[in-house]
Structure formats: structure tokens, C-alpha cells
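With chain A fixed as given, assemble chain B onto it according to the hints.
The residues making up each chain are set out below.
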Amino acid sequence: MKAPLSWLREYVRIDMGVEELASRLALTGTEVERVSDVGVPGDEENLKRFVVGKIVECERHPDADKLSVCTVDIGEEEPRIIVCGAPNVATGQTVAVVLPGGIMPDGTRIRDAKLRGVPSAGMILSEAELGLAAKSPGTMELPEDWTAGELLIDRFAISDKVLEVEVTPNRPDCLSIRGLAREIAAVTGVPFDEEMVFPYPVDARSVEEDIAIEVRDPDLCPRYAGRVIRGVTTAESPLWMKACISHAGMRPVSNVVDVTNYVLWSLGQPLHAFDLHTIRGGRIIVRRAYPGEELTTLDNEHRVLTDDMLVIADAERASVIAGVMGGLDSEITEHTTDILLEGAIFSGPSIMRTEGALGLRSEASTRYEKGLDPEMVPPALDMACRLFVELCGGTVSSGTVDVRTKPPSRRRTRLRPSRVAQVLGVEILRSEIVEILSRLGCSVDDDGESLTVLAPSYRGDLEREIDLIEEICRVHGLEQIPPALPARRSGRGGLTETQARLRLIEDQLMGAGLSQVITYSFRDEKWPDRLRLEPGDPRRTGVRIANPLSADQSVMRTSLLPGLLATAESNVAVREERVHIFELGRVYQPSESVLPDEKTFAAILVTGEWEGDSWLRSESVVDYYLIKGIVERICKVLHCRLDYQPAWEPFLHPGRSAVVCAADGRRVGWLGEIHPLVLQEYDLRAPAVAAEVDVSVLLEVSSGTGSFKDLLAYPVVEQDLALVVDKSVPAAAVMACLQRAGGALLEDVAVFDLYEGDQVPVGRKSLALRLSFRAPDRTLSDAEVNELRQVMVRKVEEELGGRLRA
Amino acid sequence: MEAARVRFLGRKAELVLLLRTISELPVEERPEVGRVGNLVRKALEGALETRRGELEDQELAQGLSTDQIDVSLPGRRSPVGHLHLVAQTQREIEDIFIGMGYEVVTGPEVETEYYNFEALNTPADHPARSLHDTFFVREGVVLRTQTSPVQVRSMEKQRPPVYVIAPGKTYRRDSDATHTPMFHQVEGLVVDEGITLAHLKGTLETFARAMFGADRKVRLRPHFFPFTEPSVEVDVSCMVCDGAGCRLCKRSGWLEILGAGMVDPNVFGFVDYDPEIYTGFAFGVGIERVAMLKHGVNDLRLFFENDLRFLRQF
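Residue numbers (our numbering), protein chains in the order written: chain A, 1 to 806; chain B, 1001 to 1314.
With the rest of the complex left out, here is chain B:
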């Protein structure tokens, strides 16, 4: 390139020398020679420029084509963290109920027997209150066995309408393949004028569909809990077999997901709500239970062993 430039446009090039000696030509010839000479020079410059561009492009292309990496190798690691499956599931449940107008409330885990049992209509001789089933700190103080005491604390703090859910840790004196001494619950409570069992059914149906899929059906079975009456256990149609019966649902087509009921008038007595004016419903759902059903986790203990091989899956 440079040689060509020097030869045609350099200081000693024919054209350049010609143009430099233009003054030696007769006056009438000068403009014409000058004009043509410049044209030629422009053309030469243009040709050189074009060629230079071509060569540069070629060079770049050649350089790029030899600079090849293995695109299949993994990228530079960007650390990825994980929320615990219980935390994820808790948020999911919270968000469903927040969408239905609930507030999220919390209460102490080390709780008085009054809030954990007494005010929930669970008399002193109830088996759940024994040293066998409940962790005691001392007489009158226990590790809460349910998040239900938050119900009572919430009702003490406000007048109806009450729409709250209370997520948190709970403790029961039980440890085997299907029980851990600590687990998580979300308690729900609605109290207002005109709240009925039909509202409980509709609410839980909405929850079950949001959590487990729009096709889920919900079934209520009568049950017994001290602080609700009527009390029900709630089943959702099996998400694996859609009710046909499979191993997960033990061939019944239904999976038990939670316990619920209409707030017992005695409980209102403890918080000075008039049961003739107000009615309400409450429910308690195990977060691990929901997570296990939703994600097919087969052992409750995995949640608290904190093996990273488990935690990283979610």
C-alpha cells in the first residue's frame, strides 16, 4: 500500500512532479493541466483509500476468525442463592391472602399457656397440654404449639372486621419420620358481622386453587378442634391424579391440607367480642405440608437438616 502511495502520490511521483512544474507551462495550458492533474490525483487517492479499507477489513476478519473460544464452556460464575423452601412457600401463602385483603401479623413463639390454650378454649386437662405433647419453659409458659395464639392477641388489639394471617414457627414434642419438633404454620382469622361457614369454604377453595392449580376441588370434612365449632378438615383434590386415586393420595383422590372451623363463641368470650353480633372463621395450614405436596418432597426432616444438596433445588 505504502509503496503504491509513494510511487503514485509520493513527493517524487510523476503526477506530483508534473503538478509541481505546472508554473513552467504556458499560461493558457495551466488551468487545463491543473484540473486534469487534480482529477487524476483524487482518483488515485480514492483508489488507495478503497484498497486500504478492503485490506483492513480483511485483516480484522482474519484476526477475528482465528480468535475462537469454546462457547460450550460454562460462564463466569455469578453466585446464585436460594430462599429456603419454607420461606418461599410462606411468602406464596401470604401473598394469596394479602390479595384477599388480609394483614400479616406475628406473635411470640415462647407463649403463655393462656394464649396458647386457655383463651383458645382448650381446658387444663386437655391432652395437648401435657408435658408429653408440649414443650414447657416453666409452669404457664410453653413453646407455642400452633400459631393460633396470635388470633387471640390480634383480637385483643382490634375490633372487627379482622382479616389476619399469622405465619410462624410452632413446636410440638414429637420427632419421627413425619414429625419434627419445630415446624411452620400459617393461621388465618376472619371476624366480622355475617361471616359464615360458606365464607370459610369459599376462602379455602380460593386459596387451594391459587396454591395448587385452578382445577383443584375442595372438600370439607367435619372434625373436632377445641377453638372452632363447627370444625372441619379440608381436603384438596389430588394434583397428581386429579382425584382418580394414586400413591400420593393413598388412592383416595384427596389430600388433607389443613384444619379450620367457625370460631367457637367461647373464644370470643375471652376477647370480649359479642358472639351474637360477630361470627368468624379460622384455619391453620402447615407450611411444610403445603411445600411437600406442591414440590413432591418426601421427608419432612429434610427441611431442617439444611443439606445444601436439598436447599439448592428450590
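Isolated chain A, as found in the complex:
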């Protein structure tokens, strides 16, 4: 909310500089987003140069049709000559004059000048030049009773500082100049005058002759009051009011409209003015809208209403969406003479629902939604009536129609000073507690043990002891709270084993040369098609977001791959062609229970040269074995063993991909080369490989840390072996067979060469294997090893049709 300083000063004494005030407000809970200067620069020297002038004589410029030469009395001994270009300038006008040396709002300095040969000692001002209007047709005419030479600043705010404050939703009482002034008084320790009296003369005619009010939905409208003002004349508002309204960020419209806005800003109570003659049947009915009822609002939008919206209707139809926006039909116009003035309280949650449903918010509705003080209704009406009389020449019918459906209530709360210390960690004197609460408008009763606090009607948020403690805390000053560390009583901190191992996986993938990415958890609906998933693939069924920001972000992911492919796509598009990335994050699988299953997956994608980019050309193929090597690296550090079996994933090369299973047969994930059609789909020109594993399964099947084996006491015995088997026999089968036959003494089998060609029969391949033997308790003899080796070879011959290669 924008609060001009001079307006605040009408309600509270402000002794400190505006920066200090802003900082004090910030530290007590009212954030001041910025302080801006409006109008002309506010230093005393400058303000002295803006004065009231009387045009003694006004003649046409001898050499210019559009200029006038004015003789202006500004209270000096001799009047000045000022050349003026405004079409409306005339003898006898009272005008605003800036003298040479004066600095305008836009920073221009006014100088003695010669216009077409005539010297001009100043300038006659328009409203636009003072920032009170966007455009002005001519000079600004001032009231005749202002005397020549008076400083303009003494009449209205030609210069001001405006505080833009952010009020937290629990403090709607601060959404007004007066409310903010009271807060300033409380936090700076100056007195505040609670009294509000706005006297004005009343007419003999009673308001009840003109209007009857019926509230049909008391739950949504705790209070509805109306006054009638007759015989108003629409005109422009006085300058002081224009200055207030425009400095507060609103636009001056006319005296009648400005009065309601002025009261809204002053006291925080929204008012609505109806043209009395548009109210059919002389009745106001506060009711829910009929389903489908229609209304054109002031912003010229046609609205269709529902029955959970409250409207203000007359005998025939709705004319206002209660607390949100008026209807075009009952709007005040320049021809309006008689006004029904509404001051009401509406239920906050209901206003908020209506705002949401209509996508419509106004200055009134943003206040109503937070809950307003019903006691503010009469003074707000009084203030407005007084202004209607003073500024618009209206007469106020006697009496108020005031329908109050909820009795006034002020909440009484018990406060224990000991509890204050228990929460804040600092002792605050009982007397200070009482003092702070009183400054905030509470009445406090001390029975010697605890305090009984009666909260003011405008502080609906003070419901509980803790609410009062918060108030004491912020006014006392958070800077007064001494920092301390809690004594960590029992227990300890740390990562769980799973958390530590997730970090290990990240570290290993990073160590393997991959960069971590974090992609959005939600994706478009098309990715399963782009990945060629079959119609029944469970990954097609994702958790859908009911209200996505865009179709691109409408389904929770069931795989990390689409995010990685999209990342590769966007990087390649900007010529970052070496995309070596991984992501560790959750996928969301719909489940039978309320919430989906969230599983942590790790996925890797590599495309573009693996080593490349170097002057040292070395062989580096992005193929199945590259990605498998990375997966094996993870397995190694996690101490787990996985099986790789050929299997079909529609987005992978059918001959160069595998599914990964744990020893117990559970599926862990997949890996392989990306299918050429998918590469094409994502505009990837280079081959790509990828893998995805379910980390939760991986961690379950990994044995954790290694257990000690003495590998130092007795040496390993290594033997090489070449076996010829059918091409269709997987290496893993040969190795498993050897392992079974080798038993406990065979420590490891590793493939070190693969040969297919002239040296072996057609349809066969030769695997060169290194066997490592070790016994835990002795050095193995050659004889022992040779014997075992023969047993192993024979086993391969029997089971897999293998032959020892000659």
C-alpha cells in the first residue's frame, strides 16, 4: 500500500527521518518496499519558489499568437511579468507560480528566460506539471481566497515522500493511512488519538424514506449500513484531495468518486456509492446470486455469477458483486445528484472465493478478503458524509440504516508473562508487556498472576496467547533477543546409510566425467510416443496435474530418460554437442493408495565424443560398452552384482541393449544404445547411449561395504585360457560356468579378448579369459591349478559345447 508521508502526519507525529521510520517499520513487521519522492523536490529552498500568484493583467504576446504576457502578483512589492502558453490563462485568475531557480518534479530547473523577446520571471503551472494529472488543458486555477505569495506547500502536498508498505495478510488494519499511523505510533512510542469525530449537518428527511435494507445471508454479511446524500454536484476534487489520491497511486476522477476512495485509503473501510435513482423499488437486498445471474461490472466485463457469490441487489436484480466490484448500471455518473452510500462488512473467505472464481480483485476486495473491523463502518460513513457536504454540496438525510447480523465482539485472552520468556528466551518486564499491549490498542487487566488482554475490534488476529507474545516480541524488538544455541539433548546428527550412498552414487557419476542435471518432474504428454513406448506400457500412465501451467508440464514423469533426451536436444541445438549427463531424482508411479509411489532413479545419457576435443586423438566410442562400464563402476562401489540380459526396450537399439537384474531376479533397470528413430526424434545426430536404474532396488541388493579378505598372505596364480564357443553363447554364461566349476579357489574370471574370424570355425567365437586362483591358507601349486583348470575346461565343453582353442 502506498502511504504519503504528509497524509500519515495527519494522524501521527513522526519525529524521525523517513529512512529511519522505514527501517523501524521493517524491523517490527511492516516491510517498506521503497520510499519514493513525489511532486517537486522537497527541500525548503525549492518549496519557497512555488507560490500563489494573482494575474493582474493578461495580454497577448506582441510576437506570438499562442503566448500571453501576464502581470502576476506574488506578494512582492512589484508584480512580475511571466509569459504563459496556456490557452485558458486570463486576468483575475489565482494561479500556481514557480519562480526562477525552482526545480520541477522532472528535475527541470526554471530560469529567467526571454520568450520571443519578452523576459519571463517564472512560470505559471498546470496540474500535469505538478504530477496531479496525466494531461492538463491549461493552467491550474486555485481558489480565489488564497493570497498572493502564499507557499503552495502550505495549501496542498506539492511535494511528498511516499512509503510503499507490504502489509502481511494478518494485519488488514494496517491497510489504511490511519491504521498504518497507529502502527507507527505503537512501534515508535508516540501517542495516538483513537477518537474519530466527523461532524456535519443533517437534513430533516430520514434515510428510511428512501431506502430499506434486507440482509438475507447474514453469514456472508455481518454488517450492512447505508446513508443517503442528496443534491450533490459533480465537480473536480480540491487540490489537496487530488494530491492525496494521486500520491497514493490512484487516479482522481471526480469529487464524488474521490471521496469514497479517500475514505477507503484514510480508514481502510471500502464504501460503495450507488446512484440512488438506479435502485429499483427503493430496496437493497444482500443475497447470494441466483445461479447464472448476469451482471456487467464497472470494468465493462460481462459476468456470469454463481450462487456462492454474494451480491447487492435491488428489488429486481443484482447491481453489485458484494465487496468486489460495482455494476455498470448503478454507477455514479456526472449527472448523479442523489447517492446511496454503502458501508458494509463481508465475510473474507467468501470474498476470496468470488475473487478466485471471477479472476477479479479490487482495492476493496483485497481488504475484505483479510477480514475488516465492523466498528469502522460508522466513522467511515461519517467521514464520507462530511466530505460530501463540504466538497459536493450535498445534504445528508438523517439516520443510518444499519443492519448488524453479528454482535460486536472483542476477544479476551489470558497471557502469562512466564510464557513470554519461555517462547522468546528473554525476560521482558511485566510493565513493558502491559505498555506494549496498550499501545497496540489492547486493554490489559493484571490480576497479579497473569494478564487478561482484551484485543481491539480491528485486531481479529489476536486470538491466542501466542498471538500476543508475537506482538510483544516484535514491538520489544527482535534485535533485543540474544542469540543462543540449543543444547542438543540426546540423539545425534548425520546422514542415513541410504543418504550417504546416494551421495556416493552422485560422486561416482561425477567422477566418471558426467555432469548432473536437474530437470522438471513434470513433462508433456507426448514423451511416451517420442520414445516409441507401446500402448500398454505402464510408463505411459503418469500422475496427471489437474491445473498445469502448460501442456508441457502436465504429467509427472515415470522415467528420467525423456528429461535427459530433452536436455541433450537443447544442448546440441546450441552446439554443445558433447552431452555427458546424469540425473538422480524421483519418478512418480500411480498406485492403489492415496499417494503415488515415489522412487529414486538414476539415469545417464552420453552423446557426442567421449574423449574427443583433444589434439591427442584416441579411440573413444560411444557404444553399449561405454555405458555398461559406467553402470559397472557404480555396482563396484556399491558392492553389488547385476545380470545383463538382452531385452527389448522400444527406445533402445534392439541388438545393443540390455535389461539389468539383481541376483534375485528383480529388475533394476536398462541400458544400451538409443534407437536411431529416437535419436532422430530428438534431433541428435551422433549416437547416444543411456541407462536408467531404480536406485532403491540397487541399494537393497547391494551388500553395503566390503568385508575383509586377506589378499596379501598368499599370492594369486593367474592363467590365461582361450575358449571357442558358438557365437550365440553369451560370455557371461561361459564365465558363470567356469566360476561354478572353479569353486572357491577361483577368485576371478575376466575376459581380455574376443576373436571372430578365419582362425575359428564359422559361427564360433574365441574368448580369451584370465583366470585368477587363490587359496586363503596356502600358496597354490601348479599341479593343483592345472588340475582345476582341466576340470573347468571340461565343464565348458560339456555344458556349452566349448573347445579349448589350440
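Hints may be right or wrong, so weigh each one.
To be verified - Some, not all, of what chain B presents toward chain A, calculated at C-beta under 8 Å:
(1) Leu-1025
(2) Pro-1079
(3) Val-1080
(4) Val-1086
(5) Val-1141
(6) Arg-1159
(7) Tyr-1163
(8) Ser-1175
(9) His-1199
(10) Pro-1230
(11) Ile-1277
(12) Asn-1306
(13) Arg-1312
What the hints assert, rightly or not - From the derived model, a few chain A residues whose C-beta atoms are all more than 10 Å from chain B:
(14) Ser-206
(15) Arg-540
(16) His-653
(17) Ala-733
(18) Glu-798
What the hints assert, rightly or not - Subject to a maximum C-alpha distance of 30 Å in a straight line, what follows is the list of computed DSSO-like cross-link-like pairs (lysine-lysine):
(19) A:Lys-599 - B:Lys-1157
(20) A:Lys-2 - B:Lys-1250
(21) A:Lys-599 - B:Lys-1169
(22) A:Lys-727 - A:Lys-765
(23) A:Lys-114 - A:Lys-135
In short, the hints are calculated from the structure, not lab data.
Heads up, the beta-carbon is just placed ideally off N, CA and C, and yes, glycines get one too.
Frame of chain A, contents of chain B only:
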């Protein structure tokens, strides 16, 4: 070398021939001739050996001196990977609090309205619960808007003392230069007997100094959150200008880093903790916010665009 060896020590060398004919000399002369002859031979062998060594050294030195490479060329590439800046920052935050005795806990990202709002004292009509601000899966199920629901889940699982932090992804229906629909938070919660606002202040001061430097000052400003009371926003003195005022801190000298407060007694009501016995504090810090301040990143969206030119910088 070889010629010299053959000439002086070869089969037909004078000395060798002499020694071979030693038996032809008179018996009394033989020992003397033999002794001297052997001395000479040893000396000759030694001289040859020395010379050979010299020549070999020379040869090696010559060979090495001509085998020169351009040492300024880059080395053989060893692939270097990067942790995402969010992950790095998350770890940093976790480790600071682990050092203060906190456990790290996690919870679901697709969360019930009960845990995300209700049990955090956020009533049904609160604006944050609208379709405009929160992603809904269906009625009652949302993408969590904060990691705070993990607070409630943690308190349901254990009795005080509770010292936990809950890092993770959060989602809000907002997308512009300063908002992304997904971001990361670390929620902190401490509940025990005798926990006060002073403890919150001390804890956050410790955190801010560990994260942003030992000279940092911390300032608390009152604020409003539904599930804490009193609620505060926490500023740290600007690390660029040290509080003097600069562009980063918009001339205020302070940077807002997180929101916090004392756990509202109503929240304890939901998990059956007695607020007369236990008090606690909670705080929530945006990981991207911390990373941006610490590393001078100027656009939040960079974190999720995953442009390698960005990722490789950290």
C-alpha cells in the same frame, strides 16, 4: 671402443700374448711378470669401462636432448564431471546442520493437502491453497508447495527431541523471471523442552556464517506464516558490500535468505505434542536462493535449463 678393446685386450693383444707365454719364462721371473701383467690388464679394463660409461651417458643425453615435446599442449583428457549447483549447495546446507546435530529426513513430493496445509495450520480458505497457486493432482492431493509437510511427518514418527532438516523439491504454480514452477527447499525443525526464539536466532546466525562467511550478521524481521508464531524473515548482511549498500542488496545492506519462526501451538495439536511442555522452531530456506547469492547467479531459470555452459562452471 671395440677396436681399442681388441687391440689392448683382444686375443692377439700384446699383453694377452705376453701373459699367455708366461710359462716360457724362467720360473723366478714368472710371478713378477704375472703380477705386473695383471695389474696392467686391470688398469686397461678399468679405463675401457670408464670410457664406455662416459660414451653411454653421452649417447643417452644426446638422445634425450633431441626428444623434446611441446609442454604447453594440453594433457590427455581425463573426463571431469560436475555436481549440479543445487546439489552442491544442498549438501553444504545439510552438512552445516548435520554438524549441529540434525538428521536429514525426506518425504513425498506428491503430498496430501492435510500434510501440506491442514496440519500446518493453513486453513482451507487460505489463498495458497487455491488452484491458482498450487498444483493439484486431485482434490486432497497436491504437489507439495514447501518441504514443511516433512516436519509434520517427522513429528508423527518420533517424540522430542526432534532435530531434523528436510531438503527436497517443491512446486508452486508460478513461472517468470524470478519464479520457476519447481524449486528446492531445506526445511528445518527443532522441538524440545526449553527451545526459544533465541535458539532460532543463534542457529540461523551459525548457519549464515558457515554458509556466507564468518563476518556475516543476521537480522530478524517479524513476518507472518501460518504455521509459525512468532514468524520472522531472516536477512544476512550483504556479502558484497558488507552492509554498506550495493546493487545486490538493493542498497539496503541486507539480503533476505529465509523465513522462520516458533512452531505454532496449533501445529503441535495435529501431532499430539503438548505445547505447554514442548516448544520448537522451524525454518525454510530456498536452495537456489542461497546458491544465487553465494555464486552470483543472476537468473533462477538457469538452474533448470541445464545448459552445459552453465553446469560446467561449478
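Each hint tested on the structure:
With 8 Å as the threshold, the beta carbon of Leu-1025 of chain B stays out of range of chain A, its nearest partner Cβ sitting at about 58 Å, so the hint is violated. Among the interface hints, the one on Pro-1079 of chain B holds; its C-beta lies about 2 Å from the nearest C-beta in chain A, closer than the 8 Å criterion. Among the interface hints, the one on Val-1080 of chain B holds; its C-beta lies about 6 Å from the nearest C-beta in chain A, closer than the 8 Å criterion. Given hint, Val-1086 of chain B at the interface with chain A, holds; its Cβ is 6 Å from that chain's nearest Cβ, closer than 8 Å.
For Val-1141 of chain B, the suggested interface contact is upheld, since its CB lies about 7 Å from the closest CB of chain A, less than 8 Å. Below 8 Å, beta-carbon pairs count as interface contacts, and Arg-1159 of chain B has none with chain A, the closest being about 11 Å; its hint is therefore violated. Taking 8 Å as the C-beta cut-off, the interface hint given for Tyr-1163 of chain B holds, the closest approach to chain A being about 6 Å. Interface restraint check for Ser-1175 of chain B: the shortest CB-CB distance to chain A comes to about 6 Å, inside 8 Å, so the restraint holds.
With 8 Å as the threshold, the beta carbon of His-1199 of chain B comes within range of chain A, its nearest partner Cβ sitting at about 4 Å, so the hint holds. The closest approach between the C-beta of Pro-1230 of chain B and any C-beta of chain A is roughly 4 Å, which is under the 8 Å cut-off, so the hint is satisfied. Taken as an interface hint, Ile-1277 of chain B does not check out: its beta carbon lies about 10 Å from the nearest beta carbon of chain A, beyond 8 Å. Evaluation of the Asn-1306 of chain B hint against chain A yields a held restraint, the C-beta minimum of about 4 Å falling below 8 Å.
Satisfaction of the interface hint for Arg-1312 of chain B is found here, the shortest Cβ-Cβ separation to chain A being roughly 6 Å, below the 8 Å cut-off. Non-interface status of Ser-206 of chain A relative to chain B is upheld: no Cβ of that chain comes within 10 Å, the nearest being about 39 Å off. At the 10 Å boundary, the C-beta of Arg-540 of chain A stays outside the reach of chain B, the nearest C-beta of that chain being 17 Å off. The Cβ of His-653 of chain A sits about 23 Å from the closest Cβ of chain B, beyond the 10 Å cut-off, so the non-interface label holds.
For Ala-733 of chain A, the condition that its CB be more than 10 Å from all CB atoms of chain B holds, with the nearest at approximately 32 Å. In this structure Glu-798 of chain A is separated from chain B by more than 10 Å, as the shortest Cβ-Cβ distance comes to about 44 Å. For the suggested pair Lys-599 of chain A and Lys-1157 of chain B, the alpha carbons sit about 21 Å apart, so the restraint of at most 30 Å is met. For the suggested pair Lys-2 of chain A and Lys-1250 of chain B, the alpha carbons sit about 19 Å apart, so the restraint of at most 30 Å is met.
A threshold of 30 Å between alpha carbons decides the hint, and for Lys-599 of chain A with Lys-1169 of chain B the separation of about 14 Å falls inside it, so the pair holds. Restraint check: the Cα-Cα separation between Lys-727 of chain A and Lys-765 of chain A comes to about 5 Å, which is no more than 30 Å; the hinted pair holds. For the proposed pair Lys-114 of chain A and Lys-135 of chain A, the alpha carbon gap of about 26 Å is at most 30 Å, so the pair holds.
Against the hints set out earlier in the document, violations occur for numbers 1, 6 and 11.
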